[in-house]
Amino acid sequence: MNPYYFASIALILIGLYAILAKRNVLKMLVGLSIMETGVNLLLISVGYVSGRSAPILSEGITPDRAVDPIPQALVLTAIVIGVATTAMALSVVINLYEKYKTLNVEEIRRLRG
Amino acid sequence: MVKRIFAIVFILIIGFWMAKALDQVPFGQDRMLVGKYYLEHVKEETGAVNAVTAVVVNYRGFDTLGEVTVLFIASTGVAALLWRKKRKRTAKTEGSVVLTTGARLLLPFIMLFGVYIFIHGHLTPGGGFPGGATIATAFLFLYLAFTVYEVDHKIFEPLEGLAGVGYVTVGLIGLAIGGYFLFDWIWQTWGIGKENIGRLLSAGFIPIIYTLIGIKVGTELTGIVDNMIKEPEEGGQ
Amino acid sequence: MSDWVAIFIAALMVVSAIFAVEWRDLLAAVVGMTAVSLFASIAFFFLQAPDVAMVEAAIGAALSAAVFIFAINRTERYESEEEGTGWWVKW
Amino acid sequence: MSQYASLLIALPLFGAFFIPILKRISKSAVMPFLVLVTLIQTGIAAWVFNEVYITGKPIIIMAGGFRPPIGINLYIGHFAALFVLVIAVTSLLMTIFSFKAVSVEPKDKYAMLFLLLMLGATGMISTGDIFNLFVFMEITAISAYALIAYNKTGEASEAALKYIVLGGIGSSFFLVGVALIYGSLGTLNMAHIAQLAHLVNPTVAKAGLALLIFGLAVEAEQFPLNAWAPDAYQEAPHPVTAMFSAFVVKASLYAMGRVIYILSAVEGWSSILRLLIILGTLTVIIGEMSALRQNNVKRMFAYSSIAQVGLIAVGLALGTESGVSASVFHMFNHAIVKALMFLAVGYVAVELGGTEINKFEGLGKRMPVTAFAITVGAISIIGIPLFNIFWSKMQLILAALNAQYTWMVALILGASLVEATYYIRLIHTIWFKGEGEKVKESSVLALVMLLLVALIIVIGIYPEPFWNVMQKAGSDIFNVAQYIKNVPLMGVSP
Amino acid sequence: MNELALIVFAPLIAGALAWLIDIKGIREIIGVLGAAVPLGYAALLYQKVNGGLSFAINLGVFKLTFALNALNWFFLGIGALVGFAAILALVSTGRDSYEWLFALMSLSGVLGVFLANDLMTFFIFWEIMTFASFMMVLHYNKAASLKYFLLSVFGAYAMLIALGMIYAKLGTFDFAQIQQAMYKEAYAVAFKADTVFSKGESILIYLLFLIAFGVKAGMFPLHVWAPDAYSETNQSYAAMFSGVLSKTGVYGFIMLYLLMGTRLAIELGGFRSTTKFGYIIAFLGGLTIIVGGLLAALQEDIRKLFAYSSISQLGYILVGIGVGTALSMQAALFHALSHALFKGLFFLIVATIVYRTGKTTFADMGGLAEKMPFTFAMAFVAILSLAGIPPLVGFASKWVLFEAVISQNLPVLGGMVFFGSAIGFVYLIRFTYAVWFGQRPTDLDNVKDAPLSMAVAMAILALFNVILGIAPGLVARELNKIFGKEVIGGNLYVLDLGFGKYNALAILIYLIAGIVIAGIIYFMGAKARRVPVTDTYQSANPVTMDYNLTIRRNFFLPLKETLAFWLRISFDKLYHDIGAWIEDLAEVLRNYIYNGSVQSYAWYLAIILLILALWGV
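Chains as they are written, first to last, in this note's numbering: chain A, 1 to 113; chain B, 1001 to 1237; chain C, 2001 to 2091; chain D, 3001 to 3494; chain E, 4001 to 4617.
Just so you know, these hints were derived from the structure itself, not from any lab.
Just so you know, not all the hints are guaranteed correct.
Stated by the list, open to error - Only pairs whose alpha carbons sit at most 16 Å apart, straight line, appear in this in silico EDC-like list of lysine to aspartate or glutamate:
#, chain 1, residue 1, chain 2, residue 2
1, B, LYS1036, A, ASP64
2, E, LYS4169, E, GLU4201
3, B, LYS1086, B, GLU1195
4, D, LYS3472, D, GLU3105
5, B, LYS1088, B, GLU1044
6, E, LYS4048, E, ASP4096
7, E, LYS4371, E, GLU4486
8, A, LYS101, C, GLU2076
9, B, LYS1043, A, ASP64
10, A, LYS99, C, ASP2003
11, E, LYS4063, D, GLU3155
12, B, LYS1092, B, GLU1195
13, A, LYS99, D, GLU3361
14, B, LYS1003, A, GLU106
15, E, LYS4142, D, GLU3361
16, B, LYS1043, A, GLU98
17, A, LYS101, C, ASP2003
18, A, LYS99, B, GLU1150
19, B, LYS1088, B, GLU1195
20, E, LYS4359, E, ASP4301
21, B, LYS1092, B, GLU1040
22, D, LYS3152, A, GLU98
23, D, LYS3152, B, GLU1231
24, B, LYS1086, D, GLU3051
25, B, LYS1085, D, GLU3321
26, A, LYS101, D, GLU3105
Remember, predicted model here, so these are calculated numbers, not experimental data.
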């Protein structure tokens, strides 16, 4: 059980725990952001090949000495998507706070049934 | 309290299930299939030294186009949601003297460093995204330092649009010349810079695209920061 | 357990994540989140992914933290009282 | 020549990026520009549609000029060609409706988000690469978050928040699924994955497939995961709700169907499918039951739309070709009917200022054309023979009975009985109850509504040509062997 | 377009045209023409009945096939005739083009059901008919229409499941192929070989078909929609509604016999002298007769009275089908024809009364005979026919039915049938006396007789009632053609069942002779004296205002009191409570599941992940 795998799964689950247990909306968004970081870490650690170096093919590094570049390309996109989602979520929360004057999830329940 | 215990039990079971699944994907084992092709062919097919940049811009350029759109949606969305008739900056305290002088001194260097990152995207690690982010932090620096400073939307939004339009036009030119959307026509058809791999003017249209992405990401993140920091005046809707 | 650096960083990440979730003061939570992002950036460096490390540091740590702080600035800073956080949580 | 189909993606993108520049030139030109872009998009989509259906071969767009497993490819097969056309046409109709329906101020931002929502859905349907599917899913999702919260009212923000939190969790676990699949196979191209699916070791495959479907099911509104949908439909601007229920949900349903069938060689496949059928049936039942005593008509239509989506999901998860083509036909019919009904409800809300049921009393006398549109839509949704949904519902039920799911069919039919009740109550309130002075209806929207009504009745009376198209589209999803053959995979040495 | 397609689609097209051209004069003409086409072609096709006429439309999704044989020509005749009469009457009572569209659509639905040659076409036209007739009732009253629509769609969906199961196993909808497959099944069951359908499945299919056709035929537990639906719609349409649409249920039962009869008989075994599954239908039919008859007697509203009486008459047909012998099936078909004729006539009469007087309850009517002589004559024919007085068709069909039931020595069923005709007579007396004779309320003095279109419609039906009554052999010949063998013997005027003979002509002559003699005595100066209408019978009960039993007000109150215990058990309330319970359950479910908090929604996601984890592990 590799430490990075363990860390990524732990981060994902702590993020999920925050969303499930915490009542403050901003805390939930912190949990969401942590979950996304955990997923990125998982993606990278899946693409890592032990004993190889970064995929910059400068003079010293030959193709069979480099790590898998694809997960790194994917994570580049995933991180920025994570930030975009967080920025959007926060602006929604700002609007929400302006109208509802509360951040407690139990009170944000006007739309139900 | 019961809710927390249930939550912990739930996430433990889910964690155990994911761990069991991950055990079958051993860490550090060479499972590359398409990755191996990229590493072997990156030099002659794209001319970039940094394989990740080549994959990001050239091989999987579509993802990055999507990626830039996501950031564009985020900045437009934030602007749409936080739009008010009259908005002004409500920062009360001016930055300390260290901050203000630091801002004046360091600003050009941070900008320069950001531009350096995305211009050398195809050689050294980092590319359009960190470069753009560094430029955005430069503007953030100004926002924190001065209570009056505001980015002029009249210039930033069209610049953002222009960079986006630029990126899509590069793709369309590729479609026109090479027959495929986002086709690297500089490298594949014209073959400029084939001889000086590893130096600045090489790797086809990767530097052009990364410059456009750098400008776009920079302006967009500054736009988000600007929208977030301003508060509606009391009269504002 | 190949090398202790990985374990150390992984442990740091998990602890700062737990603290980020448990702290009542939202600003502290954001700092915890940024710490997680920073350690992740270092982990990426050790996993031979420099590009991703730079992006994570520049965007993940700096900008999402800044956005969160602006959001807190326009809403409330502290979580409501009856949160019942653990004994080991100060802020 | 066929690579020019990539304009389907490039054009809305170009339009969206061009709008801030256009705003500088003349602020009022934004909405007409939006109509222009959607019009050109419809033209391209129509050209692609008849190109694919005449030659019979799918169009493979290779982004960047690299052959599939290396580069990303767009696979515009029979289904994608059809549904890109549906998306383009619906967006065109909704841009016309946006002129009247959207009054909240930053209209240019609305236009950009509108175009990007259309782009996201088109991308999701035509992409041939799992991670690209994730990116387009995110584009659709984030533009949906922005559009739902666009009205800046408290309720709209609340609805958007719910969608963001649930969508965020869903897409994170989708990424974990992608990581597992990539970890064990090394490739992201769907056709390549389908080819190598049997090599994956069983536990990873089962977990990966489950997580992928979980991620997509959140977007595709399956039973417990669709709690965000009624609020999102209710609070979004009216044209956006119509687009939402017409094709955004369908795109994630298609993606789920595509993922199910490319990983069909996976060992735990049938058990996950049975779970999906149970979820789909629950979606139908809970969706219909919750619409029973709704007094907000828009929310009632939202629940009814969720229920129909559940029915489509059951069709997809049956695992037989007839089931899949029936669910494709139902997607097509449902898109038309729901676009019409949300357009009509939105128009009533714009004219009479609200969608509560008491606003609908005596609508027959006040807005006859809109009332007629809602009535035809409601009657066709109930499943009356001379209208279009009847044929696809019949095919779905027969396919389900063919697959020995008799109890599921009994529950679904019970649910559609419930659906008949609340629609009939609505029809009665509209035509035979209450009075009101006549409201002048805009001729353009009346024309659009009558066009959709005519389409519903034409399909209802003579479904034969549409059914042939649907069968081709259904087999496009179902038989993966043909899919793998169509995609020119480079022989990458495993 | 060959004749079958024209028959089925002419009313639909005419209805659509009438709806589009919304001009008062023209739409009536189009409508009547639309209804006349099927009647005309039905007559024309008489020679080509066994000519194997067929027609198919390929709709891609399904192939709609129609065919003509002796059985569905018989039903086609009933449908076209009574339908044409009802549409003719609709000319004057029709309020707007909405009713023209849906009346004609339901007519084309019915004709489509009769002519269908495969289960899917049968189902599609069944749905069209249900929907169109529902829209006619929705126009007048929401609650009644909703109850009707839900029950009939419940039946339609039951049929759909049965149909789907057959399609899943046999892969075909076509009647002929299903029939052969079922014969093979029957032999397989007989020789204990393995069969395609298991015993449980075939019973399930039988029950589903029973529910589906039971709802439409108004069988006992599922009859609650009929009284409201028949009374809450345009009365001239009610003639077609109860006369023709209920026959589709009867046609369905016969189809059930044709398709799965032998298989179910062998599978479920016999009961006394009939098959077990047949006896269920017969017994429920019997119950329908009793319930329908009793409730009809207790009604104060004319329309409700005839609605209940229509249900009880259908009970006869179901008993006929249930008994299952060739003779009883022919009796059922015969009674189906006569029921359509006299029930159609009755509803047209009610339509005229309502159209002219605007009143519907007994209390405000009376002494209309002088004011509406022609309608009274028609009513007299209808009453004789329903009560089963010899020269008219009602007697012929009832007689054959009684003979059939008794010859199978089924005492319980026989008892029910006899009770039914007795109670039928009772409520007819009330109708005759309360509406036509006695004192006329002052506001009905200037009542005019039936308008021309209704008069013609009533005349047509009355004519058929009389002709087929005098010459039952005409009908017997048709019925024998359906069954292929000589079941009811005798020539044009005589029905010879081997153990009983009925000479219609002779009885007619005796009747005329009797009437002449009675006429002479009456005119010779029998001292007729005027009797005050309020001359009530009290049988020793105190005469109080609410217990004032006149012919017009709660004439059968004592009967209601005796039955008070039984009247509490009403299936109507049962279905209503089920509906209300489901609605409350839905309300609770919705508020519990979609409770608005993002956290609980996130919990749902976690639960699904948990299920995936446990299921997938």
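Going down the list of hints, with the structure as the test:
1. B/LYS1036 - A/ASP64: 8 Å, holds
2. E/LYS4169 - E/GLU4201: 11 Å, holds
3. B/LYS1086 - B/GLU1195: It is violated: about 56 Å lies between the C-alpha atoms, which goes past 16 Å.
4. D/LYS3472 - D/GLU3105: 44 Å, violated
5. B/LYS1088 - B/GLU1044: 53 Å, violated
6. E/LYS4048 - E/ASP4096: Not OK: E/LYS4048 and E/ASP4096 at ~38 Å, beyond 16 Å, violated.
7. E/LYS4371 - E/GLU4486: Judged against 16 Å, a Cα distance of about 48 Å means the pair is violated.
8. A/LYS101 - C/GLU2076: Given pair A/LYS101, C/GLU2076 holds - Cα atoms ~9 Å apart, limit 16 Å.
9. B/LYS1043 - A/ASP64: At roughly 14 Å apart (the allowed maximum being 16 Å), A/ASP64 and B/LYS1043 satisfy the hint.
10. A/LYS99 - C/ASP2003: The hint is violated at about 52 Å.
11. E/LYS4063 - D/GLU3155: Cα-Cα ~50 Å, so violated.
12. B/LYS1092 - B/GLU1195: Status violated; Cα separation ~57 Å.
13. A/LYS99 - D/GLU3361: Violated, at roughly 32 Å.
14. B/LYS1003 - A/GLU106: Within the cut-off at roughly 14 Å; holds.
15. E/LYS4142 - D/GLU3361: Holds. E/LYS4142 to D/GLU3361 sits at ~14 Å (cutoff 16 Å).
16. B/LYS1043 - A/GLU98: 54 Å, violated
17. A/LYS101 - C/ASP2003: Not OK: A/LYS101 and C/ASP2003 at ~50 Å, beyond 16 Å, violated.
18. A/LYS99 - B/GLU1150: 26 Å, violated
19. B/LYS1088 - B/GLU1195: 53 Å, violated
20. E/LYS4359 - E/ASP4301: The hint holds at about 9 Å.
21. B/LYS1092 - B/GLU1040: 57 Å, violated
22. D/LYS3152 - A/GLU98: 10 Å, holds
23. D/LYS3152 - B/GLU1231: Roughly 15 Å separates the two Cα atoms, so the pair holds.
24. B/LYS1086 - D/GLU3051: 51 Å, violated
25. B/LYS1085 - D/GLU3321: At roughly 55 Å apart (the allowed maximum being 16 Å), D/GLU3321 and B/LYS1085 break the hint.
26. A/LYS101 - D/GLU3105: 23 Å, violated
Of the numbered hints stated above, those contradicted by the structure are hints 3, 4, 5, 6, 7, 10, 11, 12, 13, 16, 17, 18, 19, 21, 24, 25, 26, listed in ascending order.
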